[in-house]
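Just need the whole structure built from these sequences, with the hints factored in.
The sequence shown begins at 1 in the UniProt record's numbering and counts up one residue at a time.
Calculated from the structure, these hints are not laboratory results. Hints may be right or wrong, so weigh each one.
To be verified - Straight-line alpha carbon distances no greater than 20 Å define the calculated SDA-like cross-link-like pairs of lysine to any residue that follow:
(1) 212 <-> 128
(2) 214 <-> 202
(3) 123 <-> 154
(4) 123 <-> 176
(5) 133 <-> 100
(6) 191 <-> 221
(7) 228 <-> 194
(8) 210 <-> 176
(9) 191 <-> 236
(10) 191 <-> 207
(11) 191 <-> 202
As the list claims (entries may be wrong) - The calculated label-pair distances, taken between Cβ atoms and stated as ranges, are:
(12) 71 <-> 169: 16 to 24 Å
(13) 241 <-> 22: 34 to 42 Å
(14) 265 <-> 56: 48 to 56 Å
(15) 39 <-> 108: 47 to 55 Å
(16) 121 <-> 204: 50 to 58 Å
(17) 51 <-> 121: 49 to 57 Å
(18) 239 <-> 169: 45 to 53 Å
(19) 239 <-> 171: 26 to 34 Å
(20) 155 <-> 225: 30 to 38 Å
(21) 64 <-> 239: 40 to 48 Å
(22) 123 <-> 156: 18 to 26 Å
(23) 127 <-> 212: 18 to 26 Å
Because the structure is a prediction, the values reported are computed rather than measured. Each residue gets a CB set at the ideal place from its N, CA and C atoms; glycine is no exception.
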Amino acid sequence: MYILYNRLITALNEKKPDSTEFYIAKMMIWNLWELPRMSISDVAKMCAVSKSTISKFVRDIGFEDYLDFKLEAVRQGKKEIYNSNGKCNITDYIRGHGIWEYEKILSEDIRSVLFGMEEDQLKRLAVDLHEYKHLAAFGISYSESAAINLQHKMHYYHKFLYTTMNDRQQENYIESADEETLIFIFSNSGKYITEYQNREGRPPKYSFDKTKAKIVLVTSNEQMLVDKRVDECVLFRYADCVQNHPILYQVFIERLLYSYEELYGTSEGMNTK
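Structure representation (structure tokens):
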């Protein structure tokens, strides 16, 4: 997912529906594929606001100026295909092979996560979830849904876990996190740790070199096991042909919280300090 769409969606999620910022973000998303050809005057007219208001809006969502914004709009306009490392997205696989064939692969992947996780590691992570003062979880695109799911799940155990879709807020939180913070990163490729995946040229990322938090990476990339920026690497394996990781993240969370309840009880009768 390109950064422009992500930031516009984030603005819609964060701004009040009756605000000018919400309306601008909505109009930009509705006309996303036209933006590369639109001047700041065109956009201002489309949104029924002044050019200065558009300039302020694009700066507020993280771009240097309208030119920077427009360059990203051009990049956004390029065809984006949800395929990675030769793996097919779920919808395309079902279309090509049928639902029953996909169900077999998904079932095998789910069993791999449910029964293939290291028990000792799950227990360590459960203890960390219980003991750390500050909890957070992040991802981009489909992986962010796992962070949101973990946030809601931890609520039932009387724990607040922070997450946000805002890429700038994610980066700021990671860089400033202290030793009492536990951060889960959901990244199938592991590249969330190493680079800005949704920025032009994918420049290297240094946020994890600065943080003091404990970093837990949930990934299928074995190379991340030796990355010094990662304190705990949760490695899961799944079929090479289909991108099932968005579903498998949810299965992993349920498996982790099963270990949590074994140690601390259920959400109704848990042992709290």
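Distance restraint hint 16 to 24 Å, applied to the beta-carbon atoms of residue 71 and residue 169 = holds, 23 Å
query = CA of residue 123 to CA of residue 154, is that 20 Å or under?
reply = Roughly 16 Å between the alpha carbons, so the hint for residue 123 and residue 154 holds.
query = Under the criterion that the straight-line Cα-Cα distance not exceed 20 Å, is the pair residue 210, residue 176 satisfied?
reply = Cα-Cα ~8 Å, so holds.
query = Is it true that residue 51 and residue 121 lie within 49 to 57 Å of each other by Cβ?
reply = At 54 Å between Cβs, range holds.
key: Distance restraint evaluation - residue 155, residue 225, Cβ atoms, bounds 30 to 38 Å   = holds, 31 Å
query = In this structure, is the beta-carbon distance linking residue 241 and residue 22 contained in 34 to 42 Å?
reply = holds, 41 Å
task = Go ahead and decide if the range 47 to 55 Å is satisfied by the Cβ distance of residue 39 to residue 108.
result = For residue 39 and residue 108 the Cβ distance comes to about 52 Å; the hint holds.
task = Note whether the CB distance of residue 123 and residue 156 lies within 18 to 26 Å or breaks it.
result = For residue 156 against residue 123, whose Cβ atoms are near 19 Å apart, the range 18 to 26 Å holds.
ask   = Is residue 214 within 20 Å of residue 202, Cα to Cα?
value = violated, 25 Å
message = Check whether the Cα positions of residue 191 and residue 236 lie no farther apart than 20 Å.
response = Holds, at about 16 Å.
task = Compare the distance between the alpha carbons of residue 123 and residue 176 with 20 Å, and conclude whether the hinted pair is satisfied.
result = violated, 27 Å
ask   = Are residue 212 and residue 128 close enough, with their CA atoms no more than 20 Å apart?
value = holds, 15 Å
In this structure, the earlier hints numbered 2, 4, 5, 16, 18 are contradicted, and the remaining ones agree with it.
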